[in-house]
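The whole structure should be built from the sequences, with the hints applied where relevant.
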Amino acid sequence: MSDNQHDVEHDAHSGTQTTGHTWDGIKELDTPLPRWWLWIFYACCAWAVVYWVLMPAWPALPGLAGETDHTRGLRDHSERANVAAAVADLQAQRASGFAALEGASIEQIENDPQLLGFVRAAGESAFGDNCATCHGAGAQGFVGYPNLNDDVWLWGGSYEEIRTTIRFGVRTDHPDTHFSQMPSFGRDELLSRSEIADVADYVLSLSGHEAEAEAIAHGATIYQAQCASCHMADGTGDRLQGAPNLTDRDWLYGGERQQVIDTIYRGPFGVMPTWEDRLDAATIDALAAYVYLLGGGESEGAANGPTGR
Amino acid sequence: MSEQQKHAMAAPGIRQSKAEAVNAADTRELYQKREQIYPKLAHGKFRSLKWLVMAVTLGIYYIVPFLRWDRGPDAPDQAVLVDFAGRRFYFFFIEIWPQEVYYITGLLILAALALFLATALVGRVWCGYACPQTVWTDLFIWVERLFEGDRNARMRLDKAKWSFNKAWRKLGKHTVWLLIALATGGAWILYFHDAYDTLANFFTGQAAPSSYLFAGVLTFTTYTLAGTMREQVCTYMCPWPRIQAAMTDREALNVTYRFDRGEPRGAHKKSESWDDRGDCIDCKQCVAVCPMGVDIREGSQLECIQCALCIDACDDIMKKVGRPTGLITYETDDNVERFERGEKPRYRFFRARTMVYATAFLIVAAVMLGALVNRSELELNSQRDRNPNYVILSDGSVRNGYTLKVVNKANEPRIMDLVVEGDPSIQVRVLGAPEGDPMRLDIDADRTRDFVLYLTLPADAIDGPREELRFRVTDRSTGETATTPTMIITGAGE
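Going down the list, the sequences are from chains A and B.
Each residue of the first sequence is one higher than the one before, counting from 1 in our numbering.
Each residue of the second sequence is one higher than the one before, counting from 1 in our numbering.
There's no promise every hint is true.
[Said to hold, decoys possible] Quick look at which bits of chain A chain B covers, simulated, 3 or more residues with Cβ under 8 Å:
{"#": "1", "segment": "45-53"}
{"#": "2", "segment": "183-193"}
[Said to hold, decoys possible] Partner residues aside, some chain B positions facing chain A, computed with beta carbon under 10 Å:
{"#": "3", "residue": "Asn389"}
{"#": "4", "residue": "Asp395"}
{"#": "5", "residue": "Gly396"}
{"#": "6", "residue": "Ala459"}
[To be verified] Just so you have them, the derived chain B footprint on chain A, three or more residues with Cβ under 8 Å:
{"#": "7", "segment": "110-122"}
{"#": "8", "segment": "250-263"}
Simulated from the structure, these hints should not be mistaken for laboratory data.
Ideal placement from N, C-alpha and C gives every residue a C-beta, glycine not left out.
Here it is, written out as structure tokens:
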């Protein structure tokens, strides 16, 4: 295969010396590395030494490098410290916005373009981190989790009321939490299945759905006996008791007949956490303003707004 | 024998140069080390023209950042400025926003078409005179000549052993090269920040890090490309030598050796008749002055940038031997063949190729000019919220959310009125609108502002899954108006 030649042989065409290895008559050129490549390589080696001295580089024996397990380098560089500093920087930048938000009324927020922009950005960010899991990224809600864009507010839709709801939550252990409880009419056998179905038919008829007249009439009787104390005789609900309006188009637990039957059967008990302990007051302000300004905030609702004409 | 007598004589009093076309395609090899080219200084009208073009182009490059243009108190007063931080491009009276970058596209198309047209008419004039690679290489060779002398002196110096004389000349040359390179990179950054401030800040270490980065990179590239790489950039790196073959043709004026006149070439002896022989005395001065290391007598070739310095060199010799100048000249391939057949030359500058290029140039220029003249200082864009796509309210009415982006390119603040064109029953709410004036939009000068809008369509007005709408804003004082189409999604029928 290969025959070692001690005499240095030069390739006739390129003038480059050969390695002396021959395979099937093909000789291998011993082309030197390009100079520029070599110099870059040497420069990299030199740079590596500089880097070891300046930056964290080597694993260190316990106790030799303080609390870390590696050499710290002369620059004492730490990405953890950098992140902490960057977060502190960010908070410092946001501080003026949060300071302006403190004590501002919703009218003041809306009429100050800078504050409005800040609230929408800060609120959207906090909403995405804390609220979107249940209420959806666009606050559109899901079955059992209210849509925050619309004009239905069981616990009040003013800036102040929204803030209170966020602070104390719904049906939590907090003494100031919002609370209401609908009986589990089916599970606790307060009503039979057919009675529940008739009540559902009656309730749906309040918002224009059709059903057998007999069922509606029967359901109406049961409704007046079992439901009217909270949801009112005409079905418009009572916010003080946390009883939703049953005559509108909004259904927190779904507006299909089967969904309404299920709701009556089990008596829902939706919970929203108390956020007061988890978020600071400024963040709660921003969240409340953000939610209010999604378009459904009460007392300035779109329905009462000016027209385009 | 003395050193001088070793040279062959091309004609009485004219020594033949030993210059070889080291960069010609058939002499260079890819495995071979590059052979240094030592272009000799030429004298003549094209050399003078090239000095002039160099002065003008370098002058433009270095002076333009310092020109001022008053745009009012809130805008920069630099005539030509690429303001990345403010997201604006200023060019004298033109101000371009990022979304109008198509003006720059148009400008590049115009530049390309102008290049095509010039090439079809007079060959590679861009390469020969105006390309930065040519201009800076020419400048660097001038510096080289200043320190090391002309061609022969430079060759001797490179072959000589290291001495104090060689050391200071080399050191001086590279120092001046680096200074020019730094000035090149340094001027580049002046186009991106205020020139006067940047100049002051640059030397006190207070300029932006990007300024130092780009100045450094351009210093390096100028030094290597114009100082050490030179003709290799044109021969190996630049795509234009390959493309230009498609732009030029047999009727384009190119730097051409008149082989009809020159051949057969050979040394001319004293009192030898010029009959039955060519005018070319094979003195190789055309090769000696060539910065690209080619022999123009081999015909047009990729490596030749058509700088016309060989014309100057040859004309010089022709005058000395008493023959007419123009043995190497701007001529078309067709005409050289006509000369050989004894016909008269014919020049056709109006031919299909040039007409197509010129027409395309004029059309693009007209479109660009029209766009620039009709450029609106008011723009309107809207984005409908998609999450949620629509909101059904308790009474069955439907609300959509929108972000309305109003772009005010004027240097005056505007007060605008918003109108929603479409279903008249739609109710509009603008977040943050002043009380009592709910459709008023205020925008600062030279700014874009986003407005949050909610449109509500009453339940009884819903008659389909969507309705087409249009936002219109009108300036209260100037009456300028802008519209943007949109729609309201009702979700009906889902």
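Structure-based check of each hint:
1. Interface restraint, the segment 45-53 of chain A with chain B: violated (0 residues with C-beta to C-beta distance below 8 Å; minimum three).
2. Only residues whose beta carbon comes within less than 8 Å of a beta carbon in chain B count, and the segment 183-193 of chain A has 0; fewer than three means the coverage is violated.
3. Because the closest C-beta pair between Asn389/B and chain A is about 8 Å apart, less than 10 Å, the hint holds.
4. Satisfaction of the interface hint for Asp395/B is found here, the shortest Cβ-Cβ separation to chain A being roughly 7 Å, below the 10 Å cut-off.
5. The interface hint given for Gly396/B holds, since its Cβ lies 5 Å from the closest Cβ of chain A, which is under the 10 Å cut-off.
6. With a cut of 10 Å, the hint placing Ala459/B at the interface with chain A holds, because the nearest CB-to-CB distance is about 8 Å.
7. Counting residues of the segment 110-122 of chain A whose beta carbon lies closer than 8 Å to any beta carbon of chain B gives 7, which reaches the threshold of three, so the coverage claim holds.
8. Under a criterion of three residues with beta carbons nearer than 8 Å to beta carbons of chain B, the stated coverage of the segment 250-263 of chain A fails, only 1 such residues being counted.
Checked against the numbered hints given earlier, this structure breaks hints 1, 2, 8; the rest are met.
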